[in-house]
Amino acid sequence: MSTRCAAALNAALAEALERWDETLLLGEDLADPYGGAFRITRGLSTRFPDRVLSSPISEAALFGVSAGLALRGRRPVLEIMFGDFITLGLDQVINHIAKFREMYDEQVRVPLVVRTPMGGRRGYGPTHSQCLEKLLVGIPGLTVVAGSEYHDLHRLLLAAIASDDPVFFIENKLLYSRFQQRGRDGRLGPFLWEEGDSTYPTVQLRAADRCSVSVVTWGGMAHLARQAAEQLAIEHETMIEVLILSRLAPVDLTPLLASVRRTGALVVAEEGTLTGGVGAEIVARVQHEAFSSLRGPARRVAARDAVIPAARHLEDAVLPQVEDITDACLAAAAGTEH
Amino acid sequence: MSTRCAAALNAALAEALERWDETLLLGEDLADPYGGAFRITRGLSTRFPDRVLSSPISEAALFGVSAGLALRGRRPVLEIMFGDFITLGLDQVINHIAKFREMYDEQVRVPLVVRTPMGGRRGYGPTHSQCLEKLLVGIPGLTVVAGSEYHDLHRLLLAAIASDDPVFFIENKLLYSRFQQRGRDGRLGPFLWEEGDSTYPTVQLRAADRCSVSVVTWGGMAHLARQAAEQLAIEHETMIEVLILSRLAPVDLTPLLASVRRTGALVVAEEGTLTGGVGAEIVARVQHEAFSSLRGPARRVAARDAVIPAARHLEDAVLPQVEDITDACLAAAAGTEH
Amino acid sequence: MDWRERVAAEGSRGDRTGHFEREFYRGIYLIRRLEETLLELFAAGRLSGTTHTCLGQEANAVAVAFHLTDADVVVSNHRCHGHYLARTGDLEGLLAEIRGLERGLCSGKGGSQHLCAPNFYTNGIQGGIVPLATGMALAEKQRGSGAIVTVFIGDGTLGQGVVYESFNIAALWAAPLLVVVEANGWAQSTPTPRAMAGSMRQRLEAFGLPCGMVEGTDALEIHRAAGAAVGQVRETGRPAGLIIRTQRLGPHSKGDDSRSPEELETLRERDPLPRLAASLDPEQRRAIEAECERRLAAALTATEGPL
Amino acid sequence: MDWRERVAAEGSRGDRTGHFEREFYRGIYLIRRLEETLLELFAAGRLSGTTHTCLGQEANAVAVAFHLTDADVVVSNHRCHGHYLARTGDLEGLLAEIRGLERGLCSGKGGSQHLCAPNFYTNGIQGGIVPLATGMALAEKQRGSGAIVTVFIGDGTLGQGVVYESFNIAALWAAPLLVVVEANGWAQSTPTPRAMAGSMRQRLEAFGLPCGMVEGTDALEIHRAAGAAVGQVRETGRPAGLIIRTQRLGPHSKGDDSRSPEELETLRERDPLPRLAASLDPEQRRAIEAECERRLAAALTATEGPL
Ligand SMILES: Cc1ncc(C[n+]2csc(CCOP(=O)(O)OP(=O)(O)O)c2C)c(N)n1
Ligand SMILES: Cc1ncc(C[n+]2csc(CCOP(=O)(O)OP(=O)(O)O)c2C)c(N)n1
Ligand SMILES: [Mg+2]
Ligand SMILES: [Mg+2]
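Residue numbers (the numbering used here), protein chains in the order written: chain X, 3 to 340; chain R, 3 to 340; chain Z, 1077 to 1383; chain F, 1077 to 1383.
Hint data in this document are derived by calculation from the structure and do not stem from the laboratory. We put the beta carbon where it would ideally sit given N, CA and C, even for glycine. Any given hint could turn out to be false.
[Unchecked claim] Here are a few chain R residues that sit away from chain X, every Cβ distance over 10 angstroms (derived from the structure):
no.	residue
1	GLU24
2	PRO35
3	THR48
4	ARG49
5	ARG124
6	SER165
7	SER179
8	GLN183
9	LEU190
10	PHE193
11	LEU194
12	HIS238
13	MET241
[What the hints assert, rightly or not] Some, not all, of what chain X presents toward chain R, calculated at C-beta under 7 angstroms:
no.	residue
14	LEU90
15	THR277
16	GLU283
17	PHE293
All chains, full assembly: derive it from the sequences and hints.
Shown next, in the form of structure tokens:
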């Protein structure tokens, strides 16, 4: 397939608008000819003028308005222009959207999707480069999905829109211009390819040989993990399994646990800052479920606990790189402590 | 000592107002005769009428206004009436307050303290009972402190106010009416008592006999962990070490690691919901630093990943209880998997 | 014409038979007694958690409810019992919820300030309900249901920025939303002038919401103003506001009232209830009150349960 | 009287010698050329990240800066280069920051929209700077410094609720805060009428901020209005607003302009720069321009570094 990720997402939105009259897109600058800051809604306001709404700059209210629409039978898809701005709506997310179904004792559902780009490596600086999924995964009632080029983004986004519960759909900014990478006949490039058949599957890329480390990752880091796998194979004769999650919460670690039982070693690679990251949750679960399989401590690769600088060389020093993954894998493969 | 925790906090605020002219208290309903929803500022607006400000209901702006005051040489202490409402200010916290020092390359400091009560067990229902420290510990640039009756709250709060960087100071609601519990001559009740001499020390309570589990906890769970320790000793002849953190971020796990190396088993007890909790970070670190000391997987005791119901019996079923800690400790002591 | 419409119509005609006044009184009295009872239960240690009673403000809820149809939606806040009762009459479900029973509206999960029933929603975060209500109003419009959404907020809640974001969006996108500000002069312990600069009415108008105002506390006056406001939203399909100067006669929540006895006395003089009571035939009035007491007693018995 | 005060005074007297106009022109021209240069550097792939230029809006920054003292504080937003240059004249530090150099204002950590210098702060989150500026103004008042704080926001940023929360607090607590709204009619790709209901001016006044307005784009008119607004805040010690109808002549950020050529042409007719230029003695004007070009070239050379 030679579909760019941006096009896949655009097509999914178009399909949702076509299939379901209740679908609505809301967000800042969505309308044509602009079509959103990253152009993901391009063409849609022209085709569906009443259902693609460019809004004022009011993130907090947009979350609430979308939730109100969802509570009364609409199926809104809210775009938050930069993932950094979800912070403005977290009260609506935490104390309203995520709570309604359970707090109101199942009298309501909130079929709301929040799409938002996250991630750095574009030099956008401290307030436009963060990966903040860590803020979302611990909120009971939310589904958190992270797309990657290895997932069928069209299908993934459509599934999120079809869900009757609130879903955050995170799109790494670098994804947009990349091509979809999908396996064929169980292979993708030099790797064996496997994808579960769940709604939000975990994609596995692994060497045909026996692997000594399981790397779990998602979103924009999938690209780096794959590069690490190639480097490790070529330069270090170290084979790894790369597991690319699509749903971070509630997370299904079954494929990862099976992998860790095979490899005996775990590395989590995330773009967000280390402390309190999604990786911590994964490590806590895996060490609990597969304690005796682990030859050594699980390792986390993540951004430094720091502000993401604007200057590219400084940004590179803060964000996790391919080398950080290869280093962690080599240490994990060796089973050394620290 | 027979000081109630509420009085200790009140005295600390009074001392700060007296000692430092730059100190200011801001928040909703702080002024006398009300003195704050939990009465922690009682008497202070009468003594310091210009520096204790009852504000409009505007949490987001309060964070920003406080930060502005702090950036220009004041030393504001902001009270957020319920910890659940910090969600309204998280943009100010994440994209402003926590970023300034580093983003502006050390040209500024933000000496701001945010005090806020968290926690349930009072039947206040879904939006007034949460422990949301998990949202804060992963934000680079923030210091997160959780008081407990085992810490010298007066000293702890004063230290936070004296800090030149932003500090969240979390007060479990049940703390207020409890008495300070401080060791004497190295003992507190049946326990050996130890407190580091750092600014934000970890308090240790442990049996004189050899202990088989390390329980790390903070805030409102300290009370339950102590009860668990007593029950385990009496009913199960199982001795544990209880470590009560005061600073959750950046966290110093030195005493905990030493303890785990002694006991070989770790249980984290937190009142917040399990997934993505502070406990996950602690487990991820401890398994990394003390992998070979652990006899079995680290275990987490936490609230179920659910909304906190208003009805007390339902609330009890969601929040972690003493029995959850004892069960986890027994499993950990046995070193069984799962 | 259903019951509510008939009563509303009678109210605006200045009903000669007193039927309208009686129904109005029945609504207010029942809420009043429920709220008083809740405070007693708390005082007796027979309720836990917290509650916010609308003592003194009941007429607002009843007046607005008289003008709504079943399809209309109501969104309310921490001080929501009156809005709920006026809207649904479901005394037992409400009491059961507050008492934490399985048969409560939300099986005890929500409690006093997190209620949900068909076309009725509340939440305990000040201001957060306003964008919700805006979205709901847009949904009704898109579905062509003809329903309007009424959201109740307090004057203190005008401190929350999301309220203005929502006004703006409601006006821009023509949401059939009625914003009722119950201006009781206080937010918890803070008098409104210490929390509000500028002009309350202008704050709505500056964002494109035409805004009515009721200064007096005559129940019928409130009823007429509510009718005008509801009618305006229904006819124009656009948002509007209504500010009602009202009085909170009880504590903010359970026992936290630091206002002086004199101040409370002045407020009690504005209470719509005794005045409405005085306008009724004494016998009919006693009959209404007795019926309400019976209902309340029955609901209390029916919801006796773990506290 | 320092340089700025002198120039400001000359401006309000209608200076005969043209000294004022020349200084004004120098300020505008330098900003204009920096912004044009940045877009060229981006187009040439010699800058990364993003940037928001204030082409067409330079006069606002210069006019306000003329009335401020060194002790005064300026808080700005994503479109901040003009505010910074007008305030500090530090072309090299700014350019170095945008180019990601160690010698930049923030050593390259902040980049184009996260600047900091003594008494100057910007951030890239719309609206979030307004409560900050309010707190800063309160701090200055408490310290008795006599300084005022000016915060610049765009018209689109009036969508953010925290802005109104801040207006309210600023008015209640009497913060010496000047809110300058640069109303360029657009927010990114959204025309203001599609994002703003009601009245911009009323939105400030409803929260207790008296609000001036400049409709024309004559640089001297902006200068006078800025002087009045700054003077009002300084004298009353209370917040006030100033709305300047202005025009963004460039793209929102790098190349994202979807406005029609006709529309841009109309906007260019409102550009204050050529009109101010025409009022100057041609020779003097060319000398100013040449000087600015020299400064810019020098700064470019000095900041040549990794991109
Ligand atoms: C976001 C948020 N902040 C603070 C509170 C605590 N609180 C509950 S009610 C209240 C006062 C509300 O005042 P007003 O809006 O005037 O309503 P009233 O209580 O007078 O009916 C406050 C501060 C809250 N529930 N939510
Ligand atoms: C909270 C937030 N939402 C959205 C953005 C993205 N954004 C940057 S500038 C801008 C438009 C701002 O418009 P306006 O306030 O009119 O300023 P102008 O760009 O016209 O100068 C937007 C939406 C942002 N930076 N912050
Ligand atoms: Mg009120
Ligand atoms: Mg604009």
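Status of the hints after comparison with the structure:
1. Every C-beta of chain X lies more than 10 angstroms from that of R:GLU24, the closest at about 26 angstroms, which supports listing it as non-interface.
2. Non-interface status of R:PRO35 relative to chain X is upheld: no Cβ of that chain comes within 10 angstroms, the nearest being about 30 angstroms off.
3. Consistency note on R:THR48: stated as away from chain X, and its beta-carbon is indeed over 10 angstroms from all of that chain's, at 33 angstroms minimum.
4. Even its closest Cβ contact with chain X, about 33 angstroms, leaves R:ARG49 beyond 10 angstroms, as expected for a residue assigned away from the interface.
5. Its beta-carbon lying about 17 angstroms from the closest one in chain X, R:ARG124 satisfies the requirement of being farther than 10 angstroms from that chain.
6. Every C-beta of chain X lies more than 10 angstroms from that of R:SER165, the closest at about 18 angstroms, which supports listing it as non-interface.
7. The non-interface label for R:SER179 is consistent with chain X: the shortest C-beta to C-beta separation is roughly 26 angstroms, beyond 10 angstroms.
8. Every beta carbon of chain X lies more than 10 angstroms from that of R:GLN183, the smallest distance being close to 29 angstroms; the non-interface claim holds.
9. Taking the minimum C-beta to C-beta distance to chain X, about 30 angstroms, the non-interface status of R:LEU190 holds against the 10 angstroms cut.
10. In this structure R:PHE193 is separated from chain X by more than 10 angstroms, as the shortest Cβ-Cβ distance comes to about 28 angstroms.
11. The claim that R:LEU194 is not at the interface with chain X holds, since no C-beta of that chain comes within 10 angstroms of its own (minimum 29 angstroms).
12. Once the 10 angstroms rule is applied to beta carbons, R:HIS238 is consistent with being away from chain X; the minimum gap is 22 angstroms.
13. At roughly 23 angstroms from the closest C-beta of chain X, the C-beta of R:MET241 stays outside 10 angstroms, upholding its exclusion from the interface.
14. Interface hint status for X:LEU90: upheld, as the beta-carbon distance to the closest one in chain R is roughly 4 angstroms, under 7 angstroms.
15. Interface restraint check for X:THR277: the shortest CB-CB distance to chain R comes to about 5 angstroms, inside 7 angstroms, so the restraint holds.
16. For X:GLU283, the suggested interface contact is upheld, since its CB lies about 4 angstroms from the closest CB of chain R, less than 7 angstroms.
17. Restraint check, X:PHE293 versus chain R: the minimum CB separation of about 4 angstroms is within 7 angstroms; hint holds.
Of the numbered hints stated above, none is contradicted by the structure.
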